[in-house]
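Got chain B; can you put chain Z on it based on the hints?
Number of protein chains: 2
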Amino acid sequence: MPLLRSWVESANSADTDFPLNNLPYGSFLADDGEAHCGVAIGDMILDVTALEADGLVQMDDEDAVFAFGDWTEFMSLGAAAWAAFRTTVTEILAEGATDAEAMTAFLVPRTDAKMLMPFMVAEYTDFYASKYHATNVGTMFRGAENALPPNWLSIPIGYNGRASSVVVSGSDVRRPWGQLKGPDDDLPRFAPCARFDLELEMGAIVGTPSEGPVTVGEADAMIFGYVLLNDWSARDIQAWEYQPLGPFQAKATATSISPWIVPKAALEPFRVSTPDRERVLLDYLKEPGPMLYDIDLEVGLAPEGKPETVIAQTNYKEMYYSSAQQLAHHTTSGCPMSVGDLLGSGTISGPDKNARGALLELSWGGKEPVTLDSGERRSFLEDGDTLTLRGAAKGDGYKIGFGDCTGTVLPALDDPYGGRK
Amino acid sequence: MPLLRSWVESANSADTDFPLNNLPYGSFLADDGEAHCGVAIGDMILDVTALEADGLVQMDDEDAVFAFGDWTEFMSLGAAAWAAFRTTVTEILAEGATDAEAMTAFLVPRTDAKMLMPFMVAEYTDFYASKYHATNVGTMFRGAENALPPNWLSIPIGYNGRASSVVVSGSDVRRPWGQLKGPDDDLPRFAPCARFDLELEMGAIVGTPSEGPVTVGEADAMIFGYVLLNDWSARDIQAWEYQPLGPFQAKATATSISPWIVPKAALEPFRVSTPDRERVLLDYLKEPGPMLYDIDLEVGLAPEGKPETVIAQTNYKEMYYSSAQQLAHHTTSGCPMSVGDLLGSGTISGPDKNARGALLELSWGGKEPVTLDSGERRSFLEDGDTLTLRGAAKGDGYKIGFGDCTGTVLPALDDPYGGRK
Chain B
1 MPLLRSWVES
11 ANSADTDFPL
21 NNLPYGSFLA
31 DDGEAHCGVA
41 IGDMILDVTA
51 LEADGLVQMD
61 DEDAVFAFGD
71 WTEFMSLGAA
81 AWAAFRTTVT
91 EILAEGATDA
101 EAMTAFLVPR
111 TDAKMLMPFM
121 VAEYTDFYAS
131 KYHATNVGTM
141 FRGAENALPP
151 NWLSIPIGYN
161 GRASSVVVSG
171 SDVRRPWGQL
181 KGPDDDLPRF
191 APCARFDLEL
201 EMGAIVGTPS
211 EGPVTVGEAD
221 AMIFGYVLLN
231 DWSARDIQAW
241 EYQPLGPFQA
251 KATATSISPW
261 IVPKAALEPF
271 RVSTPDRERV
281 LLDYLKEPGP
291 MLYDIDLEVG
301 LAPEGKPETV
311 IAQTNYKEMY
321 YSSAQQLAHH
331 TTSGCPMSVG
341 DLLGSGTISG
351 PDKNARGALL
361 ELSWGGKEPV
371 TLDSGERRSF
381 LEDGDTLTLR
391 GAAKGDGYKI
401 GFGDCTGTVL
411 PALDDPYGGR
421 K
Chain Z
1 MPLLRSWVES
11 ANSADTDFPL
21 NNLPYGSFLA
31 DDGEAHCGVA
41 IGDMILDVTA
51 LEADGLVQMD
61 DEDAVFAFGD
71 WTEFMSLGAA
81 AWAAFRTTVT
91 EILAEGATDA
101 EAMTAFLVPR
111 TDAKMLMPFM
121 VAEYTDFYAS
131 KYHATNVGTM
141 FRGAENALPP
151 NWLSIPIGYN
161 GRASSVVVSG
171 SDVRRPWGQL
181 KGPDDDLPRF
191 APCARFDLEL
201 EMGAIVGTPS
211 EGPVTVGEAD
221 AMIFGYVLLN
231 DWSARDIQAW
241 EYQPLGPFQA
251 KATATSISPW
261 IVPKAALEPF
271 RVSTPDRERV
281 LLDYLKEPGP
291 MLYDIDLEVG
301 LAPEGKPETV
311 IAQTNYKEMY
321 YSSAQQLAHH
331 TTSGCPMSVG
341 DLLGSGTISG
351 PDKNARGALL
361 ELSWGGKEPV
371 TLDSGERRSF
381 LEDGDTLTLR
391 GAAKGDGYKI
401 GFGDCTGTVL
411 PALDDPYGGR
421 K
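Line by line, the protein sequences are chains B and Z. Residue 1 is where the first sequence starts when you use full-length UniProt numbering, and the numbers rise one by one after that. Residue 1 is where the second sequence starts when you use full-length UniProt numbering, and the numbers rise one by one after that.
Keep in mind that a hint or two might mislead.
Within a straight-line C-alpha distance of at most 25 Å, the following computed DSS-like cross-link-like pairs (lysine-lysine) qualify [unchecked claim]:
1. Lys286(B) x Lys421(Z)
2. Lys286(Z) x Lys421(B)
3. Lys114(B) x Lys131(B)
4. Lys394(Z) x Lys306(Z)
5. Lys181(B) x Lys131(Z)
6. Lys131(Z) x Lys306(Z)
7. Lys286(B) x Lys181(Z)
8. Lys306(Z) x Lys131(B)
9. Lys181(B) x Lys286(Z)
10. Lys114(Z) x Lys306(Z)
Worth flagging that the hints you see were computed from the coordinates, not collected in a lab.
Pulled out of the complex, with its shape left as it was, chain B reads as follows (with noise of 0.2 Å):
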């Protein structure tokens, strides 16, 4: 598919995140002080929650879905709605459109923006599903004889999270306290961790509910799009608490996501795959289809006041299991899935060495530190340190992206309770 051209001239560059090939879902502080549904296109935003006001868009006959500024309502209209609504607003930004004076007044920078919770997280689940990661991360923690889990090759391995930890890209994030022990202490102590870590990932959007188990194909149906999403890590607390029912605090205090919710429409031309099976899957795992997608992943970190050095480049497609993969084993048990449910790809690593998804892997568990382009070295995150995550398809001619999804690391509090005993 060639690039698809728009009025707003910005969206015709080879460079944009946001062509009109692509016409992802946000939300922004509108002017007058409330979140309002956007949708990118360019260097703008245009703001579907003032369309719907103004009676220009219409999704139900008697309820407004946009008014209250995020976009679980729009997702819980269904796949239908999703198809009809993507086709108005092409037609609203294409080249050539009628309305085009008109609907300026309907664009707000993008760049001002501040930009909100595009949604409303139902459930978190994590999964750990991309082969190198988990081959790394297991040669480290159980030596290369144990590496992959005897049910790695036969399950999406994933684990529940936490909902509530679920923040827009922009949000600081602070550096937790918790039980670590090291492994020379006799005992374990309460402090802050010393290992923060990012983890690279996609995150899938279940848009559609489900009762029973679903298959694979009703599964991909069932996903309203994809966002970047940065699993914070505490490694040392992780390493502590892990065994043996899997993390919890390690991964409970936030989880980044970037700020547009890219379509799957959008994402369709970039489908492939999985790579070959190393051993057959169960048929309730096979896929009828192409289901992961080709989308180029980089993440850069930014010490406090210096130039960025990007640590980390690989793919998407690097995945062994699909979301889609993922959400039908995730019903296998009848587990009821809601509108709202965001599904972490897992650390997406490839086979290079600078394709590898967290400092974890990256400084080797610390023994190889990072070399940043400013000269210091990372084992893990410091204070201060910004992380960019960066994902995008590329078409010919244009890109298909998700918008920076950045956060900065604060200093752990001194005293977390502030004094209270």
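Here is chain Z on its own, set in the frame of chain B:
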């Protein structure tokens, strides 16, 4: 504290779960076909939604609090409102109340009422905090030498569960399918769970939200009330999936809670301390006072069409960690807690063989099946089995109960996908 007498005569019986001392919160299907908020009193339910609609109870100057028919909105009003409401209802129902006759119009027989979910579960966390349970399970899975994980005496181990799977007592539970692998199998298969189990737990409901770390005392104050909780568990699915990131689909079929939330205020006379520590706790986990409760618990199992056998009897005070400690630990990372978060205590087992809160332990992994009064034996649950959890704090001439927490096991579907591919 003695029995407080009510003009609802059945509330003065030593046998009822619901004397005036209790006043637990539930939701029921009213004659108007809507969910109503109710308070149990003896054999009756006081219809609080109807009282509010008639202006006889008013919690908020502007908005109806009980109109939606569950207690989420009420919880969000905060602890002062909880206390004021309890005083109001106590006055309405106390022996000698002047308007007793008028109030009879707001009483509904409890036996006929269809009970509904009493609150909206925001997120669900399950713990692993009975030392007897952890030791039993650990011995079976890892041997007596490694029964308790190294962190167990320092951390109230927990994992995030699935809020969407929480159901109210009386809901049938369909035996799940899942991916499982027998010890002698080379490869896993997709099959109905053959080792379906219960877990006898208490659930604590968070009524006050938090942003940063909270102390144990603050955590205790945040708890709105307690329910009985049965965390249905697919042991064969769990055994294959749970390494390295913890239980996932094994715990996502259903978690049943009692129909009535017992307010913390009703349990005050029954507070007891946690057992002696075997390892000194870090300061942030130390309790400023007794935070467990002396609540007798039991599990009844009735095969289809046969009488019930009580298969386990234990007490909530057997826990090593209290819900307040669990909640305090839950916030250490800065994890925000929300109104309606549900914290499962973890399976509650006592020192005696018949005090074990799961069939996994009672039958020692299936090696020592439990014999029922009917002569049947159980290693794990069979189709048609009805489980009933009961709990009561025993006062002088009265008890504080939760109502039965029941569920019947339905057979697995022949094809969970109904022929869909």
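- Contradicted hints - numbers only: 3, 4, 6 and 8
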